Every structure is written in C-alpha cells, then in structure tokens.
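Asker: In case you want the letters, here they are:
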Amino acid sequence: MANYFNTLPLREQLNQLGVAEFMDSSAFADGVNALKGKKIVIVGCGAQGLNQGLNLRDSGLDVSYALRKEAIEQKRDSWKNATDNNFKVGTYEELIPTADLVINLTPDKQHTSVINAVMPLMKEGATLSYSHGFNIVEEGMQIRKDITVIMVAPKCPGSEVRAEYLRGFGVPTLIAVHPENDPQGKGWAEAKAYCVGTGGHRAGVLKSSFVAEVKSDLMGEQTILCGLLQTGSILSFDKMIEKGIEPGYAAKLVQYGVEVITEALKHGGVSGMFDRLSNPAKVKAFQLSEELKDIMRPLFQKHQDDIMSGEFSKTMMEDWANGDANLLKWRAETGETAFEKTPAGDVKIDDQEYFDNYLLMSAFVRAGVELAFETMVEAGIKPESAYYESLHETPLIANTIARKKLFEMNRVISDTAEYGCYLFDQACKPLLKDFMAKVDTDVVGKNFNEGKSGAVDNITLVQVNDILRNHQVEIVGKELRKAMTAMKAIKTI
Amino acid sequence: MPVRVQVKDLHVSYPDQVVLEQLNWEMAAGDQVVIAGRSGSGKTSLAKAIAGILQGTGQIDITFDPSSSFVRKAIYISNWYQFTNLEGDRNFYYQQRYNRHQGHDTWTVKAELLHFAQKEGLDFADIEQRIQDFGFENVQESQLIELSSGEHKKLQLIKGLWQKPQLLLIDEPYTGLDKNSRQVLNQWLDELAAEGISMMLISNDQQLPKCINRYIQLHDGQIEEVSSMEAIRQDAKRVKKELPAFLKEKPETSYSHVAELKHIYIRYGEKEVLKDVSWSVKVGEKWLLQGPNGSGKSTLLSLINGDHPQSYGLDIHLFGQARGSGESIWDIKEKIGMISPEMHWYFDQQATVWHTLASGFYDSIGWFIDVKFQEKKQMEELMAFFDLTEHKDQLLHTLPLGKQRLAMLARSIIKNPPLLVLDEPCQGLDTVQASYFNDVVDELCQYGKTLIYVGHYESQLPSCLEHKIVLERGEVLAIEHKVENVL
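So the sequences go chain by chain: A and W.
The opening position of the first sequence corresponds to residue 1 in UniProt numbering, with each subsequent residue numbered one higher.
The opening position of the second sequence corresponds to residue 1 in UniProt numbering, with each subsequent residue numbered one higher.
It should be emphasised that the hints constitute simulated quantities derived from the structure, not laboratory data.
This structure is a prediction, so every number in the text was calculated from the model and none was measured.
Ideal Cβ placement from N, Cα and C applies to all residues, glycine included.
It cannot be assumed that every hint is accurate.
[Claimed, not checked] If the Cβ cut is set under 7 Å, some of the chain W residues that face chain A in the computed set are:
no.	residue
1	Ile60
2	Glu327
3	Ser328
4	Ser364
Work out the full structure: start from the sequences and follow the hints.
Answerer: Next comes the structure, spelled out in structure tokens:
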C-alpha cells in the first residue's frame with residue numbers, strides 16, 4: 001500500500017490539507033435521522049468503542065459489537081464491556097454483513113488487519129467510519145469503491161465522551177468524508193448524524209478532511225501536546241533537584257502545575273495564560289519563550305516535514321514491524337525518570353503559586369503552542385485545524401499528566417502519539433541543554449516576584465502584550481472558543 | 001472530665017453576608033448539644049469554626065481532657081460525603097454508578113476502610129460489629145461510586161465515630177439514613193456519650209440520642225438556648241402562593257402507563273441489584289417508593305429515567321413505548337421532572353440558579369442553548385413562586401441547602417412534565433421547608449401529573465400518595481394500592 005497523500009498531485013494535496021470549517025449548530029438540525037433504523041456495528045469495544053456505542057444507543061440508534069472470535073471465546077474485557085451493558089455481540093462474520101455503518105474503533109496499529117478482515121464482509125453501499133485517518137492517508141488503505149468512508153473523531157478520551165453526553169453536553173469533534181469514497185453522496189449526512197449521536201454537535205464541530213486531520217493531528221501530538229510537555233516537565237524537575245528544591249514539592253509543582261497553567265490557556269489563550277503572571281514575570285516568560293522558539297523551530301519544522309513526506313509514518317511502521325523495539329525502549333526510559341519515580345509531596349500549592357513559581361512552564365507552553373501552530377499553518381494546514389491540534393488539546397493532555405504523570409499519559413494516548421512523543425523528546429532534550437544550563441530556580445521552583453519591585457518598562461510591556469495578543473492563534477482561538485459555549489472547566493485538585 | 005469549649009467574640013462572614021457576629025458561648029463538660037433551626041442560619045459555620053476548619057475572627061478554646069484515652073481532637077463530619085476516583089479526581093456525574101464497566105474507578109468500601117484504619121492508626125476489629133449493625137457488611141466489596149447516598153452517609157459516620165475523638169461534631173447525621181439505621185446511630189452515639197465523648201449534632205430531627213441535654217439555635221448570628229426541640233424557632237408557615245398558570249395545564253398523555261416493568265433483573269457480575277421486579281405505574285397515579293438503604297430504589301428509578309445502560313433488552317415500556325425501539329434517552333427525560341441526591345451533588349459547580357432552571361428545558365446538568373421568550377417568562381414566574389428571584393445570578397452550590405433544593409425542584413418542573421420522580425427531595429430541608437415543599441408537590445399533582453416519591457421520613461411526605469411499593473434486597477416486598485393512608 002502506498003502513502004495516499006504522496007500519490008496526490010500538489011494541487012490536490014493543498015486542497016485537502018486546507019479543509020477546515022467550524023460548523024454552525026444549524027447544520028445539525030436533522031439530528032440522528034440519517035442513521036435512524038440503520039444497523040450500526042462497532043468493531044472494538046475499548047474506551048472509545050464502548051462509550052461511543054453507549055451514547056449512540058442512548059440517542060435511539062441500533063448498535064451492536066463485532067469482536068474477534070478469540071475475544072468472544074475467551075470472554076475478554078471487550079466482550080464483557082459489551083455484554084454487561086446488554087449489547088448484542090457477534091463475530092465479524094455474523095454481524096458485519098448486516099451493517100449499514102461499520103465503525104472501526106480499534107487502535108491504529110490494528111487498522112490494516114481489521115479492515116482487511118471486515119471489508120470483504122461489508123454489504124454493497126455500506127459506510128465505514130474511522131476516528132483517525134492514519135490508515136487511509138499514511139498506510140494508503142484502499143477501500144472498495146461502493147463503500148462510503150467517513151471520520152468522526154471526538155477530541156477527548158472515551159470516558160469523557162460518555163460523561164459529557166450524560167451531563168447533556170458533548171465533546172468537541174472533528175468530522176470528515178474521504179473524497180475517494182463517497183459514491184452516493186451520503187457521507188456528510190451520516191457523519192453529522194453520528195456526531196449528533198455522540199453529543200459532539202453541542203460542543204463545536206470542525207469539518208475537516210482525512211488528510212488535514214492526519215497531518216495536523218500527528219504534528220500537534222508529537223510536538224506541543226505530548227512531546228514538549230514531557231520534555232519540559234522532565235527538564236524542570238531535574239533542574240529543581242539539581243538546585244536543591246525539596247523533591248516532593250518539585251514533583252507536585254511539575255505534575256499539577258502543567259494542568260493549572262494550561263487551564264488558563266483553555267479559557268483565555270496564550271495571553272490569558274500570561275495574564276496570570278505579574279508584569280515582570282510576564283516579560284521574563286516572554287523573553288524565555290522567544291529564546292525557546294528560536295532554539296526549537298528547526299525541530300518543529302523537521303517533525304512537520306517528516307509528517308508531510310511520510311517519513312515519520314514509514315519509520316514508525318518499521319518499528320511496529322520490528323516488535324515495537326524503539327517504542328518499548330523509550331517507554332521504559334520514561335518510567336525510569338526521576339520525575340516519574342518521585343511521588344508528589346503532601347504540600348498545599350495554591351493556584352497562583354503554580355504560575356509564580358513555575359514561570360518556565362508558561363514559557364514552554366507558549367513556545368510550543370505558537371511554534372506548532374505556525375509550522376502547521378506554513379505547511380498549508382488551515383488555522384482552525386492548527387488551533388484544534390495545538391492550543392485546544394494542550395489542557396487535555398496536561399490533565400492526563402496531572403492524573404497519571406508521564407509514563408501513564410503515554411500509555412493512554414494513541415499509538416502514533418506515543419511514538420511521536422518519544423521521538424520529539426529524544427531530540428529536544430539535547431537541543432535545550434545550553435538553555436537549561438542558564439536557567440535558575442527563580443523561574444522554576446521559587447517565586448519569581450520575590451524581592452523584586454514589580455516595576456516594568458511601559459514600552460516593553462506594551463510591546464510584549466501586543467505580540468502575544470495579535471498572534472494568529474489568539475485571533476482564531478477567540479472565535480472558536482466563543483462557539484464552544486459549553487466548554488467546561490477541568491476540575492483540579 | 002470531658003472536653004470543654006469556649007467561644008469568644010466569634011465573627012464569621014462571607015463576601016456578601018455576615019453569618020456569625022460577636023458570638024459568645026460555652027460548652028461545659030458533659031454537655032451534649034444539638035444545634036437546630038433554619039437552614040442558612042449559620043449552624044455549619046459554627047461547627048466548622050469550632051473544628052478549626054473555617055477561619056473566623058475571635059477566639060475558640062477547646063480544653064481536652066489529658067487523662068482521657070480518647071483522641072485529643074475535634075472531628076467534624078460534614079453534611080455531605082466526598083470521595084475521589086483512583087486518579088484523585090472528583091468530577092463525577094450522577095449516572096456514573098451505572099456506567100462503571102470493567103474499570104475500577106474508585107476504591108472498594110473495604111479498601112477505603114482499611115486505608116483509613118492505617119492512616120489513622122485504627123484497628124479494623126473495633127469497627128466490625130458496627131458495620132454489621134448498620135447492615136453495611138454486604139457492600140464492602142462495592143466500589144465507592146456504586147454506593148447510594150444513604151450508604152455514603154453510613155461510611156462517613158463509621159469513619160468519624162471509629163476514631164473516638166473527645167469532641168464529635170456531626171452535621172446532619174441522619175441525611176439519607178433509613179429508619180432502622182437512624183436508631184442504630186442513636187444508640188451508638190449514646191454509648192459513646194456514656195464512655196465520655198462530647199458531641200454537637202446539627203439536626204432538626206425529632207428522634208435524637210437520649211444523651212442530648214442541651215438545645216441551641218442560631219438567630220441573627222447569635223446563639224439562643226432553648227429547653228427542647230419543640231421550642232426551636234420555626235419560620236412562620238409560608239404563605240401559599242398561587243401556582244403559576246403554566247403548571248396548571250394538564251400535560252399531554254397519549255398512553256395509559258408511564259412505566260411498565262416486567263421481571264427485571266439487574267446484575268453487576270455476580271451481584272444482583274434487582275431481582276424479578278415487576279411494577280406498573282399508570283398515568284395519574286401517585287406512588288411512594290420505599291426500602292432500606294441499598295435496597296435498589298435508585299437503580300429502579302434509573303430504569304425509568306433512561307439512565308441505566310442495562311435497560312436495553314429488558315421488558316420495559318416507558319410512556320407507551322418499548323425501551324430500545326428507537327427512542328433516545330432525551331425523549332424519555334423530556335417527560336420526566338427528576339430530582340435526586342446524586343443529581344444534586346454532582347450538579348455543575350459553575351451553574352447559577354438561572355442556569356440551573358434553564359437547563360431543565362434541556363434535561364442537562366447546567367447547559368442550555370438559548371431560552372425563548374415564553375420559557376423566560378415561565379422561569380421568572382417559577383423563581384418568584386419559590387422566592388428565588390433575588391438569588392438568580394448566584395452560584396447554586398453557594399446557597400443554603402434549602403434554597404438549592406427549591407431551585408432543583410423548580411428545574412424539574414420548569415417544563416411541566418407529565419411525570420415527577422422525586423428521590424428524597426427533602427434531604428437537608430428544615431421542617432417548615434419540607435412541609436412547604438410537599439404542599440407544592442400536592443398542589444402540582446392535582447393537575448394530571450404522575451408522581452413517584454422516595455422518602456425515609458414518614459412524617460415528611462406529600463399527602464397525595466395513594467400507592468406504595470416497598471423494596472428489600474432488590475426484591476419487591478410489597479405493593480399496596482389505593483390505601484386510604486399509605487403512611
């Protein structure tokens with residue numbers, strides 16, 4: 001199978017990369033009607049599979065689960081998940097031929113084998129749905145021409161998809177139709193109906209394409225979302241230990257700080273996050289982040305280039321074929337870092353202290369968000385997509401780090417994100433060696449404002465604010481956040 | 001010599017309100033105190049200030065008995081339980097009990113108790129008898145998220161009383177407890193008093209431990225002593241207001257039954273929560289649902305509310321339609337006005353009173369799109385009816401409990417639904433509030449509504465109830481019809 005994106009002429013590559021439209025809620029007026037009475041068969045019953053299925057059924061749709069024979073015979077967790085909730089469960093052979101819509105919610109790594117097993121069983125004119133476009137775009141899976149191929153990708157973990165639905169909300173979702181596979185022109189209607197069935201239409205929906213989703217998703221997850229948050233957390237912790245900060249305090253500051261700091265990002269963008277700092281601290285964080293942007297820009301560009309050319313997915317698939325040798329090695333290394341092994345101390349740190357004593361993280365986050373966004377937009381991805389895959393998702397990953405630290409964060413994110421995260425982290429740490437050598441505890445571990453007068457130069461402050469607020473990620477973000485009316489606070493400890 | 005407490009010039013205020021002002025009070029050795037009175041009068045603030053959890057100005061001295069074998073501290077047991085999932089997060093939703101799946105989200109009761117014993121240096125053997133007395137032994141393998149509100153209260157009491165502090169402050173000890181458990185608790189408290197522990201209970205309950213020998217109430221930020229519970233100051237019975245006209249319209253009902261459940265079993269692995277339950281509720285009927293803590297009441301209601309994933313595939317008809325025949329849970333919820341302790345406590349912390357009411361049109365936990373002119377008018381009428389207008393922009397969870405409950409009731413009836421499901425709606429209300437609340441329910445029910453009501457206090461029920469279903473250990477113990485007075 002050839003990389004789909006690389007088979008396209010440049011004109012078409014740019015065309016597909018540039019799909020991004022924030023959808024008006026009136027676009028969902030038809031509710032779930034396009035899928036009403038149709039047979040929906042979900043392949044895979046893990047966190048996404050189960051929770052999306054529960055939501056779809058609670059929306060009045062007919063849902064059952066197709067599992068591999070061994071999963072059924074051995075009564076694995078996926079089988080238990082489905083049967084405990086009174087779902088109909090059957091083998092591929094039993095259920096796929098009856099399906100009007102097959103939803104593939106297995107891990108990326110299994111897509112090729114799952115699709116190869118499922119496709120011959122699918123009835124003429126049925127629809128196949130993905131929640132990630134990797135298999136189509138990077139692996140170049142060819143789907144039978146009579147089949148409609150759509151994507152519905154909730155931008156949250158499965159448990160959140162369920163929780164928000166039952167609260168009467170939803171989670172932000174991205175939908176797409178594969179242009180090579182929409183023979184009846186029903187793709188958008190079904191993707192929208194599916195999205196409504198999971199509650200996504202209440203929280204903001206981005207109309208995207210398979211190509212735009214994959215190229216931006218890979219870039220976001222490996223650079224700012226997982227990669228830089230990991231690198232920044234490890235380097236910050238090590239610096240504090242080196243400078244004699246109490247380890248329990250350092251561990252707590254790093255583990256929870258990233259969540260508290262990015263919570264401000266979620267509500268007010270980068271400038272909202274920086275507004276939580278005092279004026280002198282803001283100027284300092286600005287200078288540090290400018291420096292970080294200069295140092296890391298080539299690395300961000302390399303990641304984007306490798307994603308666009310297919311080099312990244314090729315290397316990763318080689319590692320899959322090699323029994324995940326690199327992935328497992330890097331995973332083990334993450335588990336062995338001092339940060340991972342030091343439990344958060346039983347100290348109370350209030351909200352503002354996280355900002356004041358951990359200014360370096362605000363600098364990391366600004367640098368990472370802006371770099372990822374800029375690099376994506378330069379590569380032809382629309383600002384709306386770039387926003388979703390950079391700034392928007394950062395607090396979600398930060399939330400996972402606060403709950404589980406890095407090792408477990410890497411285990412719960414997708415296969416592609418975990419691999420890309422390690423790749424970035426491996427390259428970024430040496431790159432920041434000189435930078436970190438100059439850093440002291442005033443920006444990480446102790447209150448930056450202590451012993452300072454609080455005075456700043458008027459013109460400097462005006463210029464800093466101006467640059468922060470007029471960045472394109474801020475302008476796009478303000479519009480998109482307005483549309484996400486129901487955006488709710490992630491609860492912190 | 002038991003503990004003594006001296007409060008001098010205590011002042012507690014919140015940004016918009018003074019709660020306690022220049023309060024002076026003394027609790028002498030051997031005093032066993034009840035604080036009663038109106039919701040919102042400052043009872044909780046006083047207890048928390050004494051326990052050292054709430055900072056006020058002034059002075060609080062607690063003189064512990066150095067010779068006593070009991071722990072030299074004051075322990076406050078709050079009026080609501082809190083627990084976290086395994087990741088330390090508290091962001092639950094009220095239907096989570098039914099959506100826990102294979103994962104272990106929270107600790108089991110047993111693990112929680114063992115962990116607590118280790119942390120506080122307690123011996124598990126000391127508590128085993130109490131656990132049995134409370135009928136709590138068979139939930140020890142349950143996860144915390146699976147517990148009902150009454151079972152959470154028991155867990156909270158067990159943990160607090162197990163420690164045997166010299167001073168015990170319990171805020172609403174009886175919330176959610178069934179009749180038998182209330183008696184067990186009172187006996188336990190009497191035994192502790194006899195051993196030399198001092199206590200201060202916040203309660204408006206009439207059935208108190210025998211040891212209670214002092215009754216106080218708070219009025220205008222000051223303490224007043226009274227001779228007995230009967231002498232506690234009560235608000236004047238509320239003047240009845242005219243029910244808003246939109247609530248007098250009989251809701252459309254094109255079906256004969258709101259719910260028909262036949263031979264229902266609900267299982268979690270080996271554990272059977274409902275066993276062969278059959279129940280029919282006809283349009284217009286008024287039902288009381290009773291049963292001890294953990295008997296399956298909330299699970300039964302979750303089948304009617306569309307909240308239980310196992311509903312599909314069972315023989316359930318709701319509003320004339322077979323469950324799982326293409327209806328969505330929102331189609332079901334649209335016809336139900338619901339209130340329950342869990343829904344209240346897991347409600348959106350960012351919702352104002354206004355948001356709370358508006359979300360009733362969407363059956364969401366605080367979320368709504370827009371509110372039409374007619375709907376706004378209904379909300380205003382209803383807020384005026386419940387005296388909530390002045391609070392409309394305040395966050396729901398910052399109001400006194402009684403006000404919160406009224407807002408939740410207003411939310412549940414804002415769309416004039418054909419069915420009301422009120423699961424312990426009077427928890428935390430004082431006597432006057434509860435009887436006012438039940439009067440409103442009675443009046444509402446005159447206009448063609450169907451009612452399912454859960455309440456542990458037989459003195460606090462609406463009078464319109466005419467059918468009763470009793471559950472015990474997941475089975476139907478009795479169904480009684482058209483009883484003159486089911487109470």
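Asker: Are the hints correct? Go through all of them and say.
Answerer: Going through the hints against the structure:
no.	hint	in the structure
1	Ile60	violated (22 Å)
2	Glu327	holds (6 Å)
3	Ser328	holds (4 Å)
4	Ser364	holds (2 Å)
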